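Note that the protein sequences, when read in sequence, are chains A, B and C.
Counting in my numbering, the first sequence runs from 1 upward without gaps.
Counting in my numbering, the second sequence runs from 1 upward without gaps.
Counting in my numbering, the third sequence runs from 1 upward without gaps.
Think of the hints as simulated: they come from the structure by calculation, not from any bench.
One or more hints might be untrue.
Chain C regions said to be covered by chain B (calculated; three or more residues, Cβ under 8 Å) [claimed, not checked]:
no., stretch
1, 14-23
2, 98-110
Non-contacting residues of chain C with respect to chain B, defined by C-beta distances greater than 12 Å in every case (computed) [as the list claims (entries may be wrong)]:
no., residue
3, LEU36
4, ALA40
5, ASP56
6, VAL59
7, THR119
8, LEU236
9, ALA237
Quantities reported herein were computed from a predicted structural model and do not represent experimental measurements.
Glycine included, C-beta positions come from ideal geometry on N, C-alpha and C.
Here is how the chains run, residue by residue.
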Amino acid sequence: MSSQQEARLFGLGYRRYDGPRRRPAWAILTLAVFTLRRVLGLGRGGRHKVLPALTLVIAYAPALVSVGFAALLEDLPVDDLITYGEYMFFIGSALALFAALVAPEALCPDRRSGMLGLYLAGPLDRDRYLAAKGAAVLAAMLAITLGPLLFMLAAFVVAGYGPSAGETPGLLLRILAVGGTAALGYAAVSLAVASFTTRRAAAAVGVVLVLFVPVIAARSAVESAGAPAELDLLSFPFLVSELSYRIFDEFHSEGQPIEELSSWVVAAGLAAWTAAGALACWLRYRRIEAHR
Amino acid sequence: MSTEPRVVAEGVSKWFGSLVAVSDVSFDVGPGVTALLGPNGAGKSTMLRMLCGLARPSRGTVRVLGRDPRADVDVARAIGLVPQQESVFEPLTAHGFVRLAATLHGLADPGAAAAAALELVGLDPADTRRLPAYSKGMRQRVKVAQGLVHDPAVVVLDEPLTGLDPRQRAAMIALFQGFGAEGRCVLVSSHVLDEVERLGSRILVMSQGRLAAAGDFRELRALMDDRPLRVRVRTDRPRELAGALLEAGTVVGARLDGDQVLELDTNDARELARALAPAARDRDARLLEVLPLDADLEGVFRYLVQR
Amino acid sequence: MSALDVSAETRPTATASLGALYRLLLRTQVTVPRLLGIAALGALSVLLGVFARWDDDPVQAAADVAASYGLGIVVPLAALWLGTAAIGDLVEDRLLVYLWLKPVARWHLPAAAVLATVTLVVPLAALPLAASALAAGAGEAASAVLLAASLAACAYAGLFVAAGLWFRRAVWWGLAFVLLWENGGARASDGTARFTVTSWARSLLSTIDGVDVPLDGRSAAAALVVLPAVAVGGWLAATVRYRRADVD
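Work out the full structure: start from the sequences and follow the hints.
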């Protein structure tokens with residue numbers, strides 16, 4: 001008797017997925033990675049990489065120049081090199097530009113195209129969605145707040161200008177503190193602004209205005225009208241650079257009224273900005289209607 | 001009006017980097033209604049954009065009324081385009097939108113022309129609602145009105161029936177047929193084949209960026225001699241009738257489907273039409289139904305794009 | 001007129017088409033968020049003028065407000081936001097097709113865009129700056145501030161309307177231009193400063209008696225020519241790009 005397989009017909013239509021399903025944390029991670037790649041132009045054509053690359057170059061330029069001088073010139077006075085503390089001051093414009101690029105790109109297209117509704121129809125709720133987007137923007141900002149400082153540390157150590165072995169852990173902690181708080185603050189503020197509009201252009205302009213207009217208004221009030229120095233707590237970029245100076249035990253080369261404020265006040269001001277930005281973004285997304 | 005071709009494309013190609021969207025397409029379109037058909041990604045919209053001067057051909061030439069629509073802005077006076085995109089100017093009312101088109105076309109009384117165009121498509125010119133408040137179908141009709149307000153000689157419509165209910169579609173089809181009958185050159189791109197069939201029988205079929213066919217779709221069907229025409233015949237004596245037709249060589253294939261249905265393949269539809277009734281009479285068979293299965297536009301289209 | 005008549009006589013008059021395009025662009029550019037945002041910036045400049053009144057040298061303080069806040073932030077960012085959106089939004093929303101396929105010379109749309117941008121930026125940004133000088137009690141500076149801000153608005157409008165056509169992310173390039181070049185490059189050297197709009201505009205502020213304005217090393221008389229020339233150059237660049245565009 002010959003053995004013969006039974007003839008069978010197989011349906012080619014829709015089939016349910018019956019395999020294992022991962023936890024929602026994977027959905028958050030997937031969206032965060034996708035968003036990070038999108039804002040940096042990875043996996044897309046060359047022209048999508050131009051703006052992120054340009055901003056990264058601007059942010060790394062002072063570090064590259066400093067390291068270059070250190071490598072090429074012998075016996076260069078340490079004071080002529082850029083310091084860790086003043087680095088945030090030097091790249092303030094680059095930080096603002098990068099935040100104006102990244103956060104709108106992360107949030108605005110989803111609402112404009114209707115993708116938000118599709119995301120929320122799956123395992124992502126609004127909180128998880130925001131967590132993913134926040135993680136992506138934070139990771140992108142860390143590349144610009146932490147990256148140059150770590151690069152400088154490594155380069156100076158190799159060139160012999162760096163800290164001793166015993167000082168390195170402490171310096172590393174300070175670098176992480178400065179880079180982390182700056183990235184958190186810029187991410188929170190820029191996400192808050194981007195949550196109020198569906199157009200990337202409007203969000204980008206809004207981010208720059210929110211960052212710089214209070215600086216000018218506060219300066220004018222303090223210098224001309226004799227307003228209290230605490231008004232400088234409205235100057236977010238100044239807070240970031242001032243905290244950076246304080247963490248590295250450095251001082252401005254020119255006296256600034258913000259130096260009158262205690263370190264705790266400066267830190268609290270920066271924390272308040274970060275919390276306000278995160279809260280504004282969260283509240284905004286609780287109210288948004290998601291539809292196609 | 002003259003019967004000279006209004007729109008002429010010669011050796012037109014368009015590429016975007018390494019992607020060839022349109023490849024060496026040549027045709028001419030005269031007065032009357034012509035349908036531009038093709039599956040998604042065939043290059044229809046790119047071709048229409050080049051015909052209207054919105055995009056420059058990478059190679060070849062396009063002429064509308066003998067002039068280059070890309071270089072000569074005055075030719076725009078003779079072209080009315082109803083584009084595919086749904087977006088409209090949000091701050092404007094329907095009358096404001098069509099009036100803008102009339103003004104930019106240099107019409108003497110843009111307000112009156114806009115009102116007339118809106119009435120032609122069944123909309124109220126006095127409606128003060130802004131365009132975002134309109135339904136999809138109403139916005140589509142506004143787009144048609146702005147494309148017709150200046151009485152163009154060449155009307156190009158990219159998916160003009162989208163969003164319209166059956167009654168509105170019928171009205172729009174009648175409108176386009178009227179334009180064609182007046183001697184205007186009407187070029188319609190659509191996926192709704194049964195309604196395109198009602199517009200007329202002249203077609204241009206594009207597939208994968210190339211022109212697959214041009215002309216009357218019934219004549220095109222007759223040219224497809226490598227593909228027998230399939231006809232369904234319902235009769236009370238299918239076997240006898242099939243045997244007679246096969247013996248006479250009138251058909252090249254026959255299939256029985258149930259007790260009364262016969263599907264016949266023939267290379268000569270006219271011969272089958274002549275021989276069918278006598279064969280049925282000779283075999284004492286009653287003919288209950290005779291229906292061509294793939295002689296319609298959909299059949300022709302399906303064959304052309306699958307080649 | 002026959003449907004086959006496509007001679008140049010069928011074109012609308014330049015006034016009619018420019019007017020229609022200008023009114024359309026005004027309506028599409030003016031959204032509530034843009035209006036409120038720029039008006040708020042203008043209102044803030046008046047507040048800064050009030051602060052300047054308490055300064056030891058109110059006229060100098062008013063000039064500083066006009067130079068750093070007005071010409072450094074408000075006017076360029078207002079022109080950026082509106083100018084890039086004038087035609088840029090039409091491209092993004094795929095509405096340009098309704099304006100392209102018309103018997104209208106290609107230079108009309110960019111011209112209407114620049115004019116519409118200036119129409120909005122001058123009252124929303126430049127006028128409040130002049131009011132700021134009045135609020136500071138420096139009335140003698142108001143006319144110079146208004147002139148400087150208005151001409152700067154024209155120059156930026158031309159540049160950013162062109163940017164809206166030439167670049168996909170025009171706003172971001174414009175932000176980089178304002179923050180890095182106009183505010184940074186202007187300080188780098190006198191050579192780079194002459195290629196910034198802000199230094200030419202600031203030279204008009206230096207005509208105010210007893211005032212010292214940084215980055216004002218240009219001739220005020222030349223600024224009256226250079227700034228409009230920049231506007232015209234931007235309009236020409238926009239027209240060139242518009243003529244070559246593939247319209248979606």
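Item to complete: Grab the minimum beta-carbon distance between THR119 of chain C and chain B and tell me whether it stays above 12 Å.
Response: holds (16 Å)
Worksheet item: Would you say ALA237 of chain C is clear of chain B, with no C-beta pair closer than or equal to 12 Å?
Response: It holds; ALA237 of chain C is separated from chain B by about 19 Å at its closest Cβ, greater than 12 Å.
Worksheet item: Quick check: the stretch 14-23 of chain C, covered by chain B? Criterion 3+ residues, Cβ under 8 Å.
Response: Holds: 4 residues of the stretch 14-23 of chain C have a Cβ under 8 Å from chain B.
Discussion item. Please verify the coverage claim for the stretch 98-110 of chain C: does it have three or more residues whose C-beta sits within 8 Å of some C-beta in chain B?
Written reply: Since three or more residues must qualify, the claim that chain B covers the stretch 98-110 of chain C holds, with 9 doing so at under 8 Å.
Worksheet entry | Non-interface claim for LEU236 of chain C, where every Cβ of chain B lies beyond 12 Å | Non-interface label on LEU236 of chain C holds, nearest chain B Cβ at 18 Å vs cutoff 12 Å.
Worksheet item: Non-interface claim for LEU36 of chain C: all C-beta distances to chain B beyond 12 Å?
Response: Since the minimum Cβ distance to chain B is about 17 Å, LEU36 of chain C lies beyond 12 Å and the statement holds.
Worksheet item: Does the claim that VAL59 of chain C lies off the interface hold, with its Cβ farther than 12 Å from every Cβ of chain B?
Response: holds (43 Å)
Item to complete: Mind verifying the non-interface call on ALA40 of chain C? Its CB should be farther than 12 Å from each CB in chain B.
Response: holds (22 Å)
Worksheet item: Beyond 12 Å from every Cβ of chain B: is that where the Cβ of ASP56 of chain C lies?
Response: holds (49 Å)
Checked against the numbered hints above, the structure violates none of them.
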